[in-house]
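Start from chain A and add chain B according to the hints.
Spelled out, the chains give:
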Amino acid sequence: MSDHKERLDQSLSALMDGEATDIELHRLLKEVSEGSELRDKWKRYHMVSSAIKGDAAIASIDYSAAISAAIDEEPAHRQGGLAVFAGSAGRFAIAASVALVAVFGVQQLNSPLDSIAPVSEFAGVEQVNEENTGPAIQFPSGFQPIINARTVSAGGNNKNSQFVTPVIEVRQQAERNYSEAQLRAYMNDVMAKHSNHAALNSNQGMLPFARLNETEAAAKKE
Amino acid sequence: MVFLRLVKKIKVAALVAAVLLHGPLFAAQMESAHDLMSKMAKASRELSYQGLFTYEYRGNLTSVKLSHGVRDGQIYERIQHMDGAQRNALSRSDNVDCLRTGDMLLRGSAYKINDQSYARLEDFYEFHIKGEGRIANRRVVMVHVLPKDKHRYGYVVAIDKESGLLLQSVLMSHTGKPLERFQFVDISIGGSLADLGFDLEASNFDDVALDQSNCIDNNRQITTSTSSWSTQWLPPGFVMASHKIADTDGQESMMFTDGLAVFSVFIDIDPGRSLPAIDANLGATVAVLTKADINNQEYAICVVGEIPRATANQIASAISMSPSLPSSPSPSISPSP
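First to last, the sequence lines map onto chains A and B.
Residue 95 in the working numbering sits at position 95 of the first sequence, and the numbers go up by one each step.
Residue 1306 in the working numbering sits at position 306 of the second sequence, and the numbers go up by one each step.
Hints may contain errors.
If the Cβ cut is set under 10 Å, some of the chain A residues that face chain B in the computed set are [unchecked claim]: (1) Leu38; (2) Ser179; (3) Gln182; (4) Tyr186; (5) Val190; (6) Met191; (7) Ser195; (8) Asn196; (9) His197; (10) Ala198; (11) Ala199; (12) Pro208; (13) Arg211.
Some chain A residues well away from chain B (every beta-carbon gap over 12 Å; in silico) [to be verified]: (14) Lys5; (15) Glu6; (16) Arg7; (17) Gly35; (18) Ile71; (19) Glu74; (20) Met187; (21) Asp189.
Because the hints were derived from the structure by calculation, they are not lab data.
This structure is a prediction, so every number in the text was calculated from the model and none was measured.
Even for Gly, the Cβ is constructed at its ideal location relative to N, Cα and C.
Here chain B stands alone, though its shape is the one from the complex:
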């Protein structure tokens, strides 16, 4: 009898000890997982690197060469598809310090939605370190990023231990199925622009428009132009990261992010009723196009992003024209003072 009691006591003591010992450890882990993510956001912008990565979805594989160089505060990027038709893309940003909404959210800063509320990445995702691994012949830390609601997907990411660069990112559905995967197979970190082959393309870069838009200002907000459209519902945590007013084709676009997931909203005037309502899929990307008839004008509203279809549908059905156009700001972003 007493022996049993003794065993019980030992069990309880061991359990308590294990929990006590493990508790602080666990907390430290959580913190460092988040630190890793913000380190990653910084590294992928500020380091120079060149590598080959694969992109995979639904059994398809493409390989892509990526070069990323930083000089005099300018970021040069080149992406080249290594299979299929010749495809290249160049981009240049003149300010390495220009932080965009996604960057900032991932770096752990709170995005100011309005004076009362802030959007924080950790309010919508859990981060768990899941040991170490090896990717592109480098030691990586595996991190599971779990969504806290059904409005976004989760990720399995691998972050280079040494540099903090993202070497693998797998988008996971709610049932735990991978939807798409980026993974580096080879990467070299460091090197000048010449090493990265950018100087050969100097003239090409002259044609690339400098991207200076949508940097976060000191007030932790982006300054967006006012829109005649408003989003009556957004998945929690998503904030507007850019907004383009109607271009020559009459298309207005907005982009939203929660720091990891991104979706875009396009609004077209469709006078010829030439577009039907559609659902489309490309890999992990969904597109939902709905039609709206406002004041005898036919509009096509399209939501595109790497988000669950139900979320995209809900967003699309909640977009409406602001009643007091055009001076009212979009409710998702309060105007900068």
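Same shape as in the complex, but just chain A:
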């Protein structure tokens, strides 16, 4: 008997250290449910352990009886073999889903574009007009030079053309030797040449030509 008790004590301390095997745990649980001696010992071990760790509240109150009584009053849940299996399967499912979330989370981090539906939000992409505080000046057609660049920016919605024309901001206004037509012609020319470059030298084939609007295409033919 003392041999048995000694083995139980060893199992108990193993449990306290978190090293008890399943068999030991079963034996301990069985013993604790049958007699109070081992339960008291278990409680003492915990109090000692708490004291060593420096935990402040070393409660001498035994909740176990009250809890036990409360559990007895609860209507019994059916706990068949299947339910036990389902329980552990559920735990595994949770664990697996946590892992899955972790993996997906990593992927999400990798790709900020994930959250974007490219198709839906096309209309108003405005890059230039952060400083747009004044009204847009409407020019007849083509590019729209802005004479006072700081305050005015053309919205680009030219009423006479079905295409949005390029927005041009003039950065400095020292001496005005240029004409709008000149500026427009120059910009048309470089944009057309750039499209040509891009078509020839990139992998996009002739796609860049689609970027040219009517006025630029006309300028290109000249």
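Quick look at chain B alone, frame taken from chain A:
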């Protein structure tokens, strides 16, 4: 207590298993995304196809008919705007094997900048396969192309599963807003030049200059003429793909690409000071024009491309005249031996 530990153990095991299982899968995906991109570069040159695509920016939509035919090693291309004023463009290249810088970078080859360094597309973009979709009634693979720095934009592209052709390309800003979109609505792949209607235009093609310039040589470099201008700063990964010395109007131009994005630099002599410094936008294309006064000569330096404005500004401000002109080569390209 032990149950908790057990659950913890299972969690850890599941996590480890998931990561281990997923790791190689992920790597395979990355590889095939890049393979897809290089397949796309090849297909869009070497296949014959005809289709309608839309081009969209800032709420504007244009529709364009594109024909691309290959015969006897020659590439014939026609582009026709289907709305607005009548606009057509023809192009002809005599050598289907003539690879240009952009092609080569996209095909996954390293571009030799000099003996020590190479430019590789995957150093500057990440490629992620994002499932499948349907575009122009064809099954496509969606690929997200993310820039690794702020000097270039990202793309959302759709690549035809069967042929490898690019059926959709959306240029994305850094904040994830679409800047412009190409998308096919209908495409037929295959067919002879006659099917594509090119033979009717045979005479028109006689007027189209053969484009033979800027093919990549065996040394994985293009041979460029020396320029009196140099770029003191380029966004990493961009290499010069073509260079035209001053034409009759006195305009010199250079083109740079990282394999996906393209920008051009134009340098004009501006004796009448007739051009102001400007910032311009057309859809996703930005233009930055700066003025430089060198030896009492006024120059207009213009950077045009589908790149962020800050990048364009930085490039423009870093262009200067080479001190020892005209024999010094541009630092971005080492001369071929």
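* **Hinted contact A/His197 with chain B - closest CB pair below 10 Å** => holds (4 Å)
* Are A/Ser195 and chain B close enough, Cβ to Cβ, to be under 10 Å, as the hint says? -> With a minimum Cβ separation of about 8 Å from chain B (threshold 10 Å), the hint on A/Ser195 holds.
* Asked: In terms of Cβ atoms, is chain B entirely out of 12 Å range of A/Met187?
  -> The claim breaks: A/Met187 does not keep its Cβ more than 12 Å from every Cβ of chain B (closest is about 6 Å).
* **Hint check, A/Met191 versus chain B [nearest Cβ-Cβ separation less than 10 Å]** => holds (6 Å)
* Could you check if A/Gln182 really has its C-beta closer than 10 Å to a C-beta on chain B? => OK, holds: A/Gln182 within 10 Å of chain B, min 6 Å.
* Taking the closest pair, is the beta carbon of A/Arg7 still more than 12 Å from chain B? -> Its Cβ never comes within 12 Å of chain B, the nearest being 18 Å, so this holds.
* Hint check, A/Ala198 versus chain B [nearest Cβ-Cβ separation less than 10 Å] -> Hint on A/Ala198: holds, closest Cβ of chain B at ~4 Å, below 10 Å.
* Status of A/Asp189, Cβ more than 12 Å from any chain B Cβ -> Non-interface label on A/Asp189 violated, nearest chain B Cβ at 9 Å vs cutoff 12 Å.
* To do: Over 12 Å to the closest beta carbon of chain B is the bar; see if A/Glu74 clears it.
  => Holds: least Cβ distance 20 Å, greater than 12 Å.
* To do: Grab the minimum C-beta distance from A/Arg211 to chain B and call the hint holds if it beats 10 Å, violated otherwise.
  => Result: holds, 6 Å to nearest chain B Cβ.
* Asked: Holds or violated: is the Cβ of A/Asn196 closer than 10 Å to a Cβ in chain B?
  -> Holds: closest Cβ of chain B sits about 9 Å from A/Asn196, inside 10 Å.
* Outside-interface status for A/Ile71 - nearest CB in chain B farther than 12 Å -> Non-interface label on A/Ile71 holds, nearest chain B Cβ at 17 Å vs cutoff 12 Å.
Of the numbered hints listed earlier, those contradicted by the structure are 1, 20, 21.
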